[in-house]
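With chain A's structure known, arrange chains B, C and D on it following the hints.
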Amino acid sequence: MIINHPLLGPRDAAEFVYLGDAALIDRPDWQAEDAAEAFHAYGYLRDNPAGAHQELWYHEQGDRSWLVVTRDTVSHEITAVELARDVARARGRSR
Amino acid sequence: MAEYTLQAEPPLAGTEMEIAGVRLSAPADLAVVSLALPLGGESAAEEAVKDAYGLDFPGIGRSALAGDGTRLIRLAPDLVFALFTHATPDAERVVAEGLKGAVYTTDQTDVWVALALSGPNTRRALERICPVDLHPEVFGVDHAARTVMEHLGVLILRAGADDYLLLSASSSARSFLHAVEVSLRNIA
Amino acid sequence: MSQIHRIKGGLIDRSTEISFTFNGKAMRGHPGDTLASALLANGQRLVGRSFKYHRPRGIFTAGSEEPNALVELRKGAAQEPNTRTTVAELFDGLSARSQNHRGSLEFDLMAVTDLLSPFLSAGFYYKTFMWPRAFWEKLYEPAIRASAGLGRLSMEEDPDTYDKGYLHCDLLVIGAGPAGLMAARTAARAGARVIVADEDFVLGGRLNAETLEVDGAAGADWAAGVVAELAAMANVRLMPRSTVYGAYDHGVYGVLERCTDHLASSGGKPRQVLWRVYSRHAVLAAGATERPIAFGNNDRPGVMLAGAVRAYANRWGVAPGRRVAVFTNSDDGWRTAADLAAKGVEVPAVIDTRDAPAVCDVPGARHMRGAAVMDTKGRKGLRQITLTDGQMIDVDCLAVSGGWNPNVHLTCHQRGRPAWRDDLAAFVPGHDLPPGMVVAGAANGAMTLAAALREGRVVAERLGYADKSDLPRAEDEPRDCAPVWHVPQSRARAWLDLQNDVTVKDVKQAHQEGFRAVEHLKRYTTLGMATDQGKTANIPALAIMADCTGRTIPETGTTIFRPPYTPVPIGALAGRARGREFRPYRLTPSHRWAEANGATFVEVGNWLRAQWFAREGEQGWRDSVDREVLMTRGSVGICDVTTLGKIDIQGRDAGEFLNRVYCNGFATLAVGRVRYGLMLREDGIAYDDGTTARLGEHHYVMTTTTANAVTVFRRLEFARQCLWPDLDVHLISTTDGWAQFAVAGPNARNLLRKVVDESHDLSNEAFPFMACGEVTVCDGMPARLFRISFSGELAYEVAVPARYGNAMMGVLMEAGREFDAVPYGTEALGVMRIEKGHAAGNELNGQTTAHNLGMGRMVSRKKDCIGNVLSQRPEMLREDAVKLVGFRPVDRATGLIAGSHFIGQGDAATMENDQGWMSSVAYSPSLGHSIGLGFLKRGDARMGEILRAVSPVHGREMEVEVVSAHFIDPDGERLRG
Amino acid sequence: MRYSALKILREGLTGNKGWTPAWRDPEPKPEYDIVIIGGGGHGLATAYYLAKEFGLRNIAVLEKGWIGSGNVGRNTTIIRSNYLLPGNEPFYEMSLKLWEGLEQDFNYNAMVSQRSILNLIHSDAQRDAFVRRANAMFLAGADAELADADQLRAELPFLDFDNARFPIKGGLYQRRGGTVRHDAVAWGYARGADARGVDIIQNCEVTGFDIQEGRCRGVETTRGAIRARKVGVCVAGSSGRVMALAGMRLPIESHVLQAFVTEGLKPILPGVITFGAGHFYVSQSDKGGLVFGGDIDGYNSYAQRGNLPVVEDVAEGGMAIMPMIGRARLLRSWGGIMDMSMDGSPFIDRTDIDGLYFNGGWCYGGFKATPASGLCYAHLLAKDAPHPVATEMRLDRFARGHLIDEKGMGNQPNLH
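Chains as they are written, first to last, in full-length UniProt numbering: chain A, 1 to 95; chain B, 1 to 188; chain C, 1 to 977; chain D, 1 to 416.
Hints are computed from structural coordinates only; laboratory data are not their basis.
Every value quoted in this text rests on a predicted model; they were computed, and no experiment measured them.
Treat the hints loosely; a few may be bogus.
Simulated DEER-style distance windows between Cβ atoms [claimed, not checked]:
1. C/GLU875 <-> D/ARG215: 24 to 32 Å
2. C/ARG551 <-> D/ARG215: 51 to 59 Å
3. D/GLU155 <-> C/GLY579: 19 to 27 Å
4. A/ALA90 <-> D/ALA244: 37 to 45 Å
5. B/GLU16 <-> C/ALA231: 49 to 57 Å
6. B/GLY101 <-> C/ARG857: 37 to 45 Å
7. C/GLY579 <-> D/SER4: 47 to 55 Å
8. B/GLU16 <-> C/ALA234: 54 to 62 Å
9. C/SER860 <-> A/ALA90: 29 to 37 Å
By construction, the Cβ of each residue, glycine as well, lies at the ideal position given by its N, Cα and C atoms.
Just chain A, with the same shape it has in the complex (with noise of 0.2 Å):
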């Protein structure tokens, strides 16, 4: 596979490595009443499409950034590839 990084343009797969859904940017409050809960769901449920997946893929052999693809699980297709950390900050993630 080729992933096409935003900075440095199409890299082998193989430069990078997987850890999975992008929902993992979207880490619970710690304090909320549901916290339990919410961090169950967070740690180990998944919507699993079939179809457009975003995911994080980490360029270790290269510049070392996260990056959230947008990768058909059937097709392998990818259709976009954005900054993880772009994403964690328009996700509204700060300090």
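Just chains B, C and D now, with coordinates in the frame of chain A:
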């Protein structure tokens, strides 16, 4: 108290060979210092770098050569490597002083070992281990990339039409040299 | 034997004769021959035996689809089983042996299975060999395995080397036949970066096997001209002997280049190179494969595909027989007849299943309209054929043409399914091609030369490459085909899969037993599972099944083509990564010193570490380790601990960041101090531990375990970029940058005072336990000093730039001589950490919690941190959870066993009674007996209790006493001293 | 029809004309007591044991394609019970015992071959872990045997003992482990279930569940609605897709695992060999092909195919321990979709929806589990209580914090 003195023993010191018309050598006294740009302080950092080295901040995956021979390589948005010839183990201090605290500096000199390859067959040899497209129209002079070769993380830099500089982890220096050397022998 | 079957013409170099042997028989051939063409030239028809019935078999095709003529090539360690004679290039001194027979090829004792064939029909083995049960492994299976299998491996290490490589192009052209060459030339002339790969050693594809003309010249000459033009272009890479074996995601193709297989010896160069080709587009121009017609005893040596017979005559100047009949259902077969006749080979008859006029004039041949071959004679080689009307014709070769199947294989490597075309009676590429791939020529169903040339140009233009020159002139040769898959009048067995001996009867029986889905058919009968993957067998078998079910062929379906297109040696897939080069070695800075000082090394991940340093007169490793421990605890020892991960952490928010990634507090760590940190995974399990030192206001250095150095860094980057993107934190690894040495023992300070420059006060007051700082050693050498202890002794870790590490080890030993300083390795390190009760990899194994490790209280509930919430799940905090405690044998003389389980006195050794396990053991020279760490239910509350530690796998058990994990200096006076 | 040598003899002499279909091809009935979704090994075994052990007859197995088209037909055919944890080991040991009598039980030769499985040891820490595991196996009534390097050198001289990057220091044998002809398992169970009245319905894809006030009353299929008192989902690889139809999210990711086979070779490997320091395991099929595999590709996928990096990684592992296979040729590679669970262990459990049951999360270990999975799932479906050896295979174990994590890799499926 000069009772004991320490001699430097860089892993690839003295490497020097020519195979398949490619000259392979380990540059002596190559210092590497990483520059991390503080969050929010990026522009200040870029200014400091301009002042210190008198050149524009390179783009990501590009490098630039300063008047004093220092080569700046932009590896990531907030990370730059400064490569320069410097024998004593104080490279980080030297760089830090020049940048007046505008960046976070870390000495990387001993983290890496370097191999320089030059000669028209170099690209043909690197085809055997380098997944990155080194075609001149794609990977021109001053381009740099981090990738993986024979299970080793490698930073590859194109210093000239037929000149490349490869950096890899110092602990695996022997395997790194082996990988590059075999590539040359296999096309000889 | 001389080359009695040579005829005029061909692309071989007759000026040179080369010799080779087959089953020890000396034969001769010419450069340009394949082993198959040379065998035929020498009149060798019987070449091998079939898989199941051990039937005599000859050469059936002229390409990589060959099912029959497989041999063991070369001798000794280089022996290469199952090698297709049809693609093996002849070289001087080549040696080949037939395979899969007991006794000689001519008199194979296993041929008896053929007589039993009525009882060995499809799937017979699923219905018997069940009684008595024990007989399967002992009797039935060994017998089956011995008769199955094909060639033999030498069982010696592959003597050749292999290499890999990476190529990038705009256009990968797969197949250098007319369509491929046209596509390549068009794109190349337009300036594209083009790679042309073809499995053959001569580019040109069928043009080299036909008498067709292009632009008024012989097709082969035209091809040579185009190849010459392409070879001269800098933007083109021609790759003969290169098989594109797989189409992978995003335009990545696997290509196997055979570099030295056509030479007697590889001469020290890689035998083959496995290329990973990154392409923007690919043109599949892989041509087509001819298919047979099934009729009685259609498997005899001498029964061949018509296109192959033609190829041997035209390209290799070999007549596969003296009297060659042609059996065809299409115009194509007539070309074979015509070409042979033109070369003076006797063609007694052309048997055409169609009741139609002759396609062309074939001198001396009778034209049998609407006829078919229903049986053959000739045990070890064809002698006679019998037609459906009962006529018998003496022949020694029968050229069979059942039509052609486009080579759609690579179009199916991803999601594509081929589509049926009635006019061709064949599958052509479907719509769902691998992205970036286009198909041209026969592979796309363009079955004539003119059409192939046209399509080659058109697909290149469709990809945006223009070439204004005129299309080469060529004819559209006749190609009408009226499919006939099976001659129903045949009474004898009619073969479909020649190698696996699958007959028409087997397919009918599979249908009868309900195995009607194509995959069921394949798996039940083994159809198409041989080394040729059914390239010639699948479609005819599919047709038979369709016939049985009354469905059409497309309704019946097609089996899925999977990589590789043709088999790829495992050695090539592995490349250089074998033996000691399987993975890189990481060496510690003091490696050379250790080598020179009697170290035994051990693999720790990719690292090589000194395990112990043997001294003169020591009997075994235990002597050395015990000495290293005792001398360290008695005076001072030195250990290279560089392999521990080191991460340089800087930034205004570095402290806050650490506070969130460690489960214990870091907010209060002062500059110049070190703190032990425990890291959890988000699931609350203990993950990694180490110390982090604060060197400056915004500057920390974290150490990780050796094993987790890489993954901890990865997780920290995740936290930094994905969880808290606006913290000002920067990470960079310095693991390899600093040579770090543990200096441990009562004399550690005294030793270091001789090395650390005087300006630095090392007194306990100025530099107490858990202090750290940047110092200088040996007169100004920048260094880092940490007052931390893994051994439990007064200890420091001192770090210098790695290139000075080897010298530093020597200096430390030199300075330590007056204290009898010893170097110690990982074994002594391990013993001392067990004596001290420190958890390591065996305890932090990814299954244990801080609660299990007795560090539950470290998990701060006052702050957020990775793993905090999930670590509080009820069953993780059970009061009967296992706890890390120490153990000693009741009988001090016995040695404990790591991995033994704890069972209560008088309880049976069952899982129900399992109370925990021994995780680490060591002989403690300090205590004079074996000690262990282990996890025991409620262990912390059971001090002094006696249990059984059982290790049934050793057939042993022993009584152990539960004790504190801190065997040495439980109050930590030494390390604070 | 009972299969036997005699039957083959009689058929052989009469032109093999008397063979009848191994299973019927019935039309779906409007209602069943139990509907099993998934005609793979586990689903067919479940139906077989429901009929044989629990006397239930009115059962349908719904298969969207042809039976055995899932992972039972695309695995590396290994059976073993060399597990560590109490949540797993007794279950897999029961499975191995069932394998040992399976062929006689369902009158079909699945070529259960107890050729042994060997896990190579390359470090002391690995040995400690294997000893702990071996002893756990004994505590569960299984067999295990430690071998030192010298013993292995004698038994397997072709392994690389002298030039290896990670020297072989010993191994853990399970002599009762081995291989089975995978397709035959599906066919044997199908034939046995069919003979006991189970309807096996191929080309029948489930498109939805009929769920009313929290109770599942049947399924919608491409061949019409089918009512059922109980519905058992058994579609490892597609679990996410199917359970989504019931509105459930699972602690599962779908990943592709590649497998490989070489050209046929005369016998060279006695049993199954697993390379502990690389990613490679191998056995030799009765037809002579080396059947081998390694790690999953590592990214979520529903495509039954993988990519080159893993192919090469696996081959490297092979050459690293047995460099004599260099000239053996890879003939075919394929991919299977694994239900990779969050702790690497499976689920056999009820769901929050009455009448809807779930069996899945088998990771790459489902084949060896087939008999026990079938028997335990049948037990759960018939008695509404988990079988004693499957009590920990619950969906709620993560919420409770009761993990069954053999490898200690945590909640990242692609690491198990």
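- Is 19 to 27 Å right for how far apart the beta carbons of D/GLU155 and C/GLY579 are? holds, 21 Å
- Message: Can you tell me whether the CB distance of C/SER860 to A/ALA90 sits inside 29 to 37 Å?
- Response: 31 Å Cβ-Cβ, so the 29 to 37 Å window holds.
- Query: Per the hint of 49 to 57 Å, is the separation of the Cβ atoms of B/GLU16 and C/ALA231 within bounds?
  - Reply: violated, 36 Å
- Could one say that the CB atoms of B/GLU16 and C/ALA234 fall in the range 54 to 62 Å? Given a distance of about 31 Å, which is not inside 54 to 62 Å, the answer is violated.
- 47 to 55 Å as the expected CB spacing between D/SER4 and C/GLY579, which holds or is violated: holds, 51 Å
- Message: Verify the CB-CB distance for A/ALA90 and D/ALA244 against the hinted window 37 to 45 Å.
- Response: About 27 Å separates the Cβ atoms of A/ALA90 and D/ALA244, which means 37 to 45 Å is violated.
- Message: A range of 37 to 45 Å was offered for this pair. Does it hold for the Cβ distance of B/GLY101 and C/ARG857?
- Response: For B/GLY101 and C/ARG857 the Cβ distance comes to about 40 Å; the hint holds.
- Within 51 to 59 Å or not, the Cβ separation of C/ARG551 and D/ARG215? Roughly 40 Å apart at Cβ, these two residues miss the hinted range, so it is violated.
- Task: Just tell me: holds or violated, for the beta carbon distance of C/GLU875 and D/ARG215 against 24 to 32 Å?
- Result: Holds, since C/GLU875 and D/ARG215 (Cβ atoms, about 30 Å apart) stay within the stated range.
In the structure shown, a violation is registered for the earlier hints numbered 2, 4, 5 and 8, in ascending order.
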